[in-house]
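K.L.:
For chain A, the structure is supplied; the task is to place chain B on it using the hints.
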Amino acid sequence: MDSKIEVRNLNLYYDTFHAVKDVTMSVKPQSITAIIGPSGCGKSTLLRCFNRMNDLVEGSRISGQILFNGQDIYNSSMDLTQLRRKVGMVFQRPNPFPLSVFENVAFGRRVHGLPKGSETQMAVEKSLCATGLWDELKDKLNMSALSLSAEQQQRLCISRLLAIEPEVLLMDEPCSALDPIATGNIEDLMKELAINYTIVIVTHNMQQAARVSEQTALFWLGELVEYDSTVRIFENPSKKQTEDYVTGRFG
Amino acid sequence: MKITPAASQRFVVAFLWLITSITLLVLLFIIGYILVHGLGHINWSFLTESSRRMGREGGIFPMIVGTILVTGLAVIIAAPVGVLTTIYLTEYTREGKLTSIIRFGTDCLAAIPSIIFGLFGFVFFVVVLRMGFSIISGALTLAIMVLPTIIRTSEEAIRAVPKSYREVSYGLGSTRWQMVTKVVLKSALPGIGTGIVLSIGRCISETAAVMLTAGSALRMPDSPFASVRTLSLHFYILSREGISMENAYATASVLIITILVINVIAYLLMRRLAAKVR
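Protein sequence lines correspond, in order, to chains A and B. Anchor point for the first sequence: position 138 equals 142 in our numbering, and the numbering is continuous, going up by one each time. Anchor point for the second sequence: position 4 equals 11 in our numbering, and the numbering is continuous, going up by one each time.
Chain B extracted, bound-state conformation:
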């Protein structure tokens, strides 16, 4: 039997459709499995109470606070450093050896497993700088970890700003800094924002680096130097040490829903911003 082009076309379409569905199904299965096992245990007191008996009972409120503090601080540190580095790389230097070294460096940094960042954070922030297992050690470590993501995504966004905008801005007599702030950053904002949201997601879901730097205290933190346990670490400890699978699934559900909500909000925000500048 001879295969006609039309038949092979139909076959390919069906095959691609199948592969795509498998990918989606696996994803939906994982999320569905966790939500099915976890949602039933989530209630108001689970979200607002401290945990008791190592997490066997009670809620996850201190972990929610810890996650917000560590992630928030990490992004507040990493975003300006990352964006300013990118501005330097794209607008203030000419392409050369230095820029390619910096670029190669950030790429390497992006490929390093997070536990190595954790080890570095432990040695440097926790031990050498005597910050101890703390919010600040965890946040600084995560900030270094997400820096390459922020730099790479902002660089793409800034490079996508048409050259003509820069020319016109100079042509009207603006300085380089005015050009950067009034034209380039304004048009690149949706892209930069996407990078920052990605980083928030990475910080929230990070476990290894946090365990080595922020510790795993169950208490409510009372200072930036207090140890906290983030949601993902809480989930890891609950399941790894067999403390409570119900609460582990419930914690994982909270994590998944949080990340989904952040992504949806970010998506909508970016779309509004993009509509403004396009």
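One chain only, chain A, in its complex shape:
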């Protein structure tokens, strides 16, 4: 099976700090890949390479390659605007703009100059349906997004991405600000979305990785320790370090 994202010998430095060390892995399309590991192991940093959000960090340098649909995203001919449209990111804290529900979802379409009017309205409806928000919010589209609950806000942030038709959703601990029930709901949503989208999720929560993902990668101090199907990682890992981590003996 071919890969949606392919990482080849990726190294990333923040000034002199070597945050990601010679990582090679590939992400399968239309599936959920989990990246786990202790804090500061480079998992979020790697995720932020996939849509080049690390470019915003002063003093970051990379070597190696990341291919998205076979194209090197760090190639100078890469159109960042298009890359970020295709590879969207959901952040740790729900972070809707201080705008109405509708304007939040329509934001990306306006940025990319997509058709206005009825097409935008349809896209907003479709995106809100996809995250299960439409029935709750269809009469409140002009309400400020900041008055929604945390779970609704996170769903809204996902809708905001879906409205510009991405292919990959990067999720950086998307449930860490949510309670267990909301977490369960978002996990169900992720599984539904994985039918159409490729999802990469960074999580602290090993149970979450076990529950939602098909592949799991364990990182340790910037290195990829083991990458395999989630079942193997949790039930029959090939490395002692992985077994110790997933069984909670350290970390």
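In case anyone wonders, no lab produced these hints; they're calculated from the structure. C-beta: ideal position from N, C-alpha, C; glycine also. Heads up, some of the hints might be wrong.
Taking lysine to any residue and the SDA-like style, the derived pairs with C-alpha atoms no more than 20 Å apart in a straight line are [what the hints assert, rightly or not]:
no.: 1; chain 1: B; residue 1: K189; chain 2: B; residue 2: T92
no.: 2; chain 1: B; residue 1: K193; chain 2: A; residue 2: E107
no.: 3; chain 1: A; residue 1: K90; chain 2: B; residue 2: E174
Pair by pair, the computed Cβ-Cβ distance ranges are [as the list claims (entries may be wrong)]:
no.: 4; chain 1: A; residue 1: N146; chain 2: B; residue 2: P169; range: 18 to 28 Å
no.: 5; chain 1: B; residue 1: P169; chain 2: A; residue 2: K243; range: 36 to 46 Å
no.: 6; chain 1: B; residue 1: T100; chain 2: A; residue 2: R65; range: 15 to 25 Å
no.: 7; chain 1: A; residue 1: D248; chain 2: B; residue 2: F111; range: 51 to 61 Å
no.: 8; chain 1: A; residue 1: N189; chain 2: B; residue 2: K104; range: 45 to 55 Å
no.: 9; chain 1: B; residue 1: G79; chain 2: A; residue 2: Q75; range: 46 to 56 Å
no.: 10; chain 1: B; residue 1: F111; chain 2: A; residue 2: Q75; range: 44 to 54 Å
no.: 11; chain 1: B; residue 1: V271; chain 2: A; residue 2: N146; range: 22 to 32 Å
no.: 12; chain 1: A; residue 1: R65; chain 2: B; residue 2: L34; range: 50 to 60 Å
no.: 13; chain 1: A; residue 1: L118; chain 2: B; residue 2: I123; range: 48 to 58 Å
Some residues of chain A that are not near chain B, with every Cβ distance over 10 Å (derived) [to be verified]:
no.: 14; residue: E171
no.: 15; residue: D192
no.: 16; residue: Q211
P.N.:
Then chain B, alone, in the frame of chain A:
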């Protein structure tokens, strides 16, 4: 006698209350004194007629027009320059030597007495650029004078916009300019607006810088190069030269009421805007 913590607490509360009341009373006394002496002389003809006999008789209509023109033009020039400078400082450069020099420069500019701006405006706009004592010289001088206020307040407002908004905006593929206009300026608008209102207040009440650049003509202005007399300058001349204390107080009352009204309107507007973005 030993002072218990509870007693000292009561004492402090009473003391702070007293100090605050004194401040308020002084302010109310000044405003009240002027309004008591001035309001009686304000009537429709005072607001709509030209002045006669150097301001001893007649109204202040040309001064109202002059104040609006000079202040309006100054803010129309200063606001975009100030906001764009701030956008450059906060969004388009990284913190470094250049930004700290610019910041230090604006702080120094803010601390300069207004008469120095007046002197500069007189030498540069009035004499060197041959604009003469005019609305345009006055407005340009005031624009330079309020620039630091606008830059400082907009900078605070823009820095208060959460970093996450910027990240999300980039993450959705927006360019820097789209991020600035669609996200940052939108959320910072109430703060930027407050800075602009403060500047309007400063322009209206400015006297020294205006005297040296816009002149003190009593006529209705007929072009941007005409000399005008603003309300505060009119008040200064009426009282300083002992022309008419009644009309001086009346002019001061008009000034105070105008500034109060502007501040109240601005406050309400900002509150509505802030409610929209919070």
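K.L.:
Work down the list of hints and note, for each, if the structure agrees.
P.N.:
Quick rundown of the hints versus the structure:
1. Distance restraint check for B:K189 and B:T92: the Cα-Cα separation of roughly 18 Å lies within the 20 Å cut-off, and the hinted pair is therefore satisfied.
2. The straight-line distance between the Cα atoms of B:K193 and A:E107 is roughly 13 Å, inside the 20 Å bound, and the hint therefore holds.
3. As the CA atoms of A:K90 and B:E174 are separated by approximately 16 Å, the hinted pair is consistent with the 20 Å bound.
4. Hint check: A:N146 to B:P169, Cβ distance near 22 Å, so the stated range 18 to 28 Å holds.
5. Distance hint check for B:P169 and A:K243: the Cβ-Cβ separation is about 40 Å, which falls inside the suggested range of 36 to 46 Å.
6. Judged by the Cβ atoms, the range 15 to 25 Å given for B:T100 and A:R65 holds: they are separated by roughly 21 Å.
7. A beta carbon spacing of about 55 Å between A:D248 and B:F111 agrees with the range 51 to 61 Å that was offered as a hint.
8. A beta carbon spacing of about 50 Å between A:N189 and B:K104 agrees with the range 45 to 55 Å that was offered as a hint.
9. Look at B:G79 against A:Q75: about 54 Å separates their beta carbons, and that is inside 46 to 56 Å.
10. At about 46 Å, the CB distance of B:F111 to A:Q75 agrees with the hint of 44 to 54 Å.
11. A hinted range of 22 to 32 Å for the beta carbons of B:V271 and A:N146 is consistent with their spacing of about 28 Å.
12. Checked against the given bound of 50 to 60 Å, the beta carbons of A:R65 and B:L34, roughly 58 Å apart, stay inside it.
13. At about 53 Å, the CB distance of A:L118 to B:I123 agrees with the hint of 48 to 58 Å.
14. The claim that A:E171 lies off the interface holds: its Cβ sits roughly 13 Å from the closest Cβ of chain B, which is beyond the 10 Å cut-off.
15. A cut-off of 10 Å between C-beta atoms confirms that A:D192 is not in contact with chain B; the least separation is 24 Å.
16. The Cβ of A:Q211 lies farther than 10 Å from every Cβ of chain B, with a closest approach of about 27 Å, so its non-interface assignment holds.
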